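Q: Kindly produce the complete structure, drawing on both the sequences and the hints.
Residue numbers (this note's numbering): 201 to 303.
No lab work stands behind these hints, which were simulated from the structure alone.
With a cut-off of at most 30 Å between alpha-carbon atoms, the simulated DSS-like pairs for lysine-lysine come out as follows:
#, residue 1, residue 2
1, K234, K259
2, K259, K272
3, K245, K264
4, K234, K205
5, K278, K266
6, K266, K205
7, K205, K242
8, K230, K245
Distance ranges between label pairs, derived from CB positions:
#, residue 1, residue 2, range
9, K278, K245, 56 to 62 Å
10, A271, K230, 36 to 42 Å
11, Q225, K259, 17 to 23 Å
12, E253, K279, 49 to 55 Å
13, A215, T270, 17 to 23 Å
14, K278, E253, 43 to 49 Å
15, A267, S235, 39 to 45 Å
16, E244, P274, 47 to 53 Å
17, S208, K264, 17 to 23 Å
18, P239, D210, 22 to 28 Å
19, A275, Q229, 46 to 52 Å
20, P274, K243, 46 to 52 Å
21, R217, A284, 48 to 54 Å
Treat the numbers as computed from the prediction; the structure is a model and nothing was measured.
Using N, Cα and C, we set each Cβ at its ideal position, and we do this for glycine too.
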Amino acid sequence: MNDKKMISIDQFNTAERVEVDEALQALMQKYRTKSGKEPDSKKEKELSAEAREVVMTAKLAREKEKAERTAKKPARRKKPSSMAASEVNDFSWSASVDRGKRR
Numbered sequence: 201m202n203d204k205k206m207i208s209i210d211q212f213n214t215a216e217r218v219e220v221d222e223a224l225q226a227l228m229q230k231y232r233t234k235s236g237k238e239p240d241s242k243k244e245k246e247l248s249a250e251a252r253e254v255v256m257t258a259k260l261a262r263e264k265e266k267a268e269r270t271a272k273k274p275a276r277r278k279k280p281s282s283m284a285a286s287e288v289n290d291f292s293w294s295a296s297v298d299r300g301k302r303r
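A: Below, the structure written as structure tokens:
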């Protein structure tokens, strides 16, 4: 049996729905050229499910890539010397004294 869940068209926005329609048309054309006949309603349903799956896979890959890209960016920390006094929470007096001695 087929254990794949049917992907609802409601999960896609308008641009993705256009992609689903284009993928469906491409799959139907491919079927026509391979078999030499028009797909019946059962085959159209299978092709529609396959087109939705292709677009959903691409959508999830884009979202995952976007999430990874935003997660990889480390937060920029200012140097304590350029921060306001209220922003500095890990001030080290000993490091400050040592830095003053070097000058």
